[in-house]
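Protein chains in written order, with the working numbering: chain A, 1 to 180; chain B, 1 to 248; chain C, 1 to 355.
It is worth saying that the hints were derived from the structure and are not from the lab. Be careful, since some hints might not be right.
[Unchecked claim] In silico lysine to any residue, SDA-like type, Cα no more than 20 Å apart, as pairs:
| id | chain 1 | residue 1 | chain 2 | residue 2 |
| --- | --- | --- | --- | --- |
| 1 | B | K43 | C | I201 |
| 2 | B | K13 | C | R208 |
| 3 | C | K8 | A | K138 |
| 4 | B | K43 | C | W200 |
| 5 | A | K57 | C | L272 |
| 6 | B | K9 | C | N203 |
| 7 | C | K206 | B | V40 |
| 8 | A | K138 | A | S95 |
| 9 | B | K12 | B | E33 |
| 10 | B | K43 | C | R208 |
| 11 | A | K57 | C | R274 |
| 12 | B | K13 | C | Q219 |
| 13 | A | K28 | C | K7 |
| 14 | B | K12 | C | S220 |
| 15 | B | K13 | C | P290 |
| 16 | C | K8 | A | S55 |
If you're wondering where the values come from, they're calculated on a predicted model, not measured in any experiment.
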Amino acid sequence: METNLVICGSGGQGVLLSGTVLCHAGLKEGKNVTWLPSYGAEKRGGLSYCCVVLSDKNIASPVIGKAEVIIALDNVGFDNYENSLSENGLLILNSSLIKRETKRKDAKVCKFPITELAKELGNIRIANMLALGIYVGKTKAVKLRSIIAALDNVASEKYKELVAINKKAMEKGFQLGNSR
Amino acid sequence: MKAVYNAPKSLKKTANSYCPGCGHGLVQRILAEVIDELGVREKTIGIAPVGCAVFTYDYFNFDVTEAPHGRPPAVATAIKRCLPDRIVFTYQGDGDLASIGTNEILHAANRGENITVVFINNAVYGMTGGQMAPTTLPGMKTTTSREGRDTTTAGFPLRVCELLSTLEGVEYIERVALFDPANVIKTKKAIKKAFQNQVDGKGFSFVEVLSPCPINWGLRPLDSLKYIKEKMLNYFKLGIIKDRSNCT
Amino acid sequence: MPKIVNKKILVSGNEAIAEAAIIAGCRFYAGYPITPQNQIPEYMSWRMPEAGGVFIQAESELAAINMVFGASLTGTRAMTSSSSPGISLKLEGISYMAGCELPGVIVNMQRGGPGLGNIQGSQADYFQAVKGGGHGDYKMPVFAPSTIPEAIEHVMDAFDLADIYRSPVMILSDGILGQMMEAVEFLEYKPKNKLPKKDWILNGAKDREPRSIYSLMMQSPTMLEKHNWKLAEKYKKMEIEVRYETYLADDAEILVCAYGIMGRICKGAVDLARNAGIKAGLFRPVTVWPFASAVASKLGKKAKKVLVVELNLGQMVEDIRLAVEDNKKISFYGRPGGAVATKEEIFEKIKETAK
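Kindly generate the complete structure, drawing on both the sequences and the hints.
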């Protein structure tokens, strides 16, 4: 089984980090994983995306031509990647920032006010992990406990105290994704 | 009977290919004597430049490598960092050091690499046939400045010692010249100090030697010594330009 | 950070290459910042001193390669890395290293060109890497890894080949492989061949005759030609180091030829084609010099059509043409703007080719 995901948004939204967490989770479950980031000249702002592939077999292409799932955290990402969704693919949209409807009539669409939900949980910056939770709840690509455990792989000492709230975001997201 | 004069052990018994009256042979003899006197021949690694002095690996009786044009300070940096207890020096001409290699010499000096640099300034590209060098004097005729160096288009001669003396990393800089026996002795003293500094771990030491190139200057050997004294010294002042050990 | 061998970890291509070098005994690294390979000097800046080696952030790519030249002649395993514009500057030093017969590893994480181009992955430096690049009549082994585990293996083997043949060796990778992450396991480093004693290094002429290292050979009229014939013999010997991979190629009617990052992506395209009932197969040169011409020739002559895929305007395709000797059946698909072709895109090309 091979599955892929494109996460997109703007620099600073934690797009790359959420992809990394998913890869660590996949790795914990013994899967093959690849993570391919966008990289630009600027350190902040601008389009940001990453491609994640999870597979039981060796992964041929880390580059995603047709994404099975796209998580779009804002219009910048959404406008750029909407077209690369595979037929009948899944769109997870942050309706706090994306106000328009998708042009893809074939898409399965899952809309949540991710930014607002993150604010309610106490930190706007955990929107990325909330979105990842929704993805895992919806697709079961990996287990919830794997992404939670993967937080420890990416949290440096400086940010250890943020692990708890990120975990909360994942759980909340999972619950939302699982219920719809 | 006591020997009062011998070939230095650091020189091979090979005839060199330098032109009559050239300064390279003299400076290399001085270098060999200094290395003998410091007893470091067996741990010395020399770096030859591109230019007339490239063949020094055939003349010196210790390990020598060639380096691409202008890059000896980069090569020396790596050798010294890999083998910190060896004695590493570069021997470079004015085209090599003051033109194509300005970046490398500047940064090696600025990093304060514990190496010795001997810089031969004869105001001309020797090996390629006497073209204008960065150190060619204003008005001086060369094959690429047939009416004499025009400072309005070719700029002024580069004073490398003064330039490098502003850098914090530098331990010692002196400019010497080869125009008479007293100054030849001063040259040896300066080069010895530059090596002693390295032995003592003091850091980047640099000696510029004003050296004759009679053939490319179109002068007789004796006249070229006069040329150094009467012309070059006006522009390139002799003496210690920087010596950190004199600072308190 | 990946310091432990024999444990699967997630790591970027750039960091994997740096750590592999450390494990292989590289104890000197000099580099200069350029995207998309900056993680290599960044990693080396702390890891190399920790391993007891020397890290220098050089003033330029020219200085960096010449520092590798200097470190190498002391017998130290040395590496530098850069990306396309920086490699152009390093060619001077690479040519001198070839002439002086100095080992060393040069990593090129290619980006789009010409000129400053862009910072996205590319394969536009194939000619530069395999046809000389620098001046003079030299060759060097060039590895083109297509996965991060393979890059690790290549870096380790590159240091061995460099020492065995006293030659610079290049890792010709690209920004995609450098930036992406993949799970890898750092295996313990074990040379696959016996390594020669370095009895040529300069470390001070103690209890031996002085040695010299040089590439200028004009002391006698025949000296350089003799030297070049000697190098030619060495290049001939290096041919046994050729590596390649084939995938479903034995009965392939459409032979796809690709290397490096496109090698793995084309494997995915071959799978798509097979699922659609098209007999596609892959020929992937693993070393792009030496080049597996005999294999390309055999497979290419057997196949009905040959499709060469590169992230450039068509470079390796010339080597394929020389090997297959039937231009009519060979077609080329390239993305030359620092863009990357997807497996779906190549699958479409395979379908077109099969028509």
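For each hint, the structure was consulted:
Of the supplied pair hints, the one linking K43 of chain B and I201 of chain C holds, its CA atoms being roughly 13 Å apart against a limit of 20 Å. With a C-alpha separation of about 17 Å, the suggested pair K13 of chain B and R208 of chain C falls inside the 20 Å cut-off, and the hint holds. Distance check on the hinted pair: K8 of chain C and K138 of chain A sit about 28 Å apart at the alpha-carbon level, beyond 20 Å; violated. At most 20 Å may separate the alpha-carbon atoms for a hinted pair to count; K43 of chain B and W200 of chain C meet this at roughly 15 Å.
Distance restraint check for K57 of chain A and L272 of chain C: the Cα-Cα separation of roughly 15 Å lies within the 20 Å cut-off, and the hinted pair is therefore satisfied. Proximity of K9 of chain B to N203 of chain C is assessed by CA-CA distance (about 18 Å); at most 20 Å being required, the pair is judged to hold. Between K206 of chain C and V40 of chain B, the direct Cα distance comes to roughly 10 Å. Compliance with the 20 Å bound is thereby established for this hinted pair. This hinted pair checks out: K138 of chain A and S95 of chain A have alpha carbons roughly 17 Å apart, not beyond 20 Å.
Proposed proximity of K12 of chain B and E33 of chain B is supported: the alpha carbons are some 12 Å apart, at most 20 Å. Proposed proximity of K43 of chain B and R208 of chain C is supported: the alpha carbons are some 11 Å apart, at most 20 Å. A threshold of 20 Å between alpha carbons decides the hint, and for K57 of chain A with R274 of chain C the separation of about 17 Å falls inside it, so the pair holds. Under the criterion of a C-alpha separation no larger than 20 Å, the hint pairing K13 of chain B with Q219 of chain C is consistent with the structure, at around 17 Å.
Of the pairs offered as hints, the one joining K28 of chain A and K7 of chain C holds, with about 12 Å between alpha carbons and a cut-off of 20 Å not exceeded. About 19 Å separates the Cα atoms of K12 of chain B and S220 of chain C, which keeps this hinted pair within 20 Å; it holds. Our distance criterion of 20 Å between C-alpha atoms is broken by K13 of chain B and P290 of chain C, whose separation comes to about 44 Å. Distance check on the hinted pair: K8 of chain C and S55 of chain A sit about 15 Å apart at the alpha-carbon level, within 20 Å; holds.
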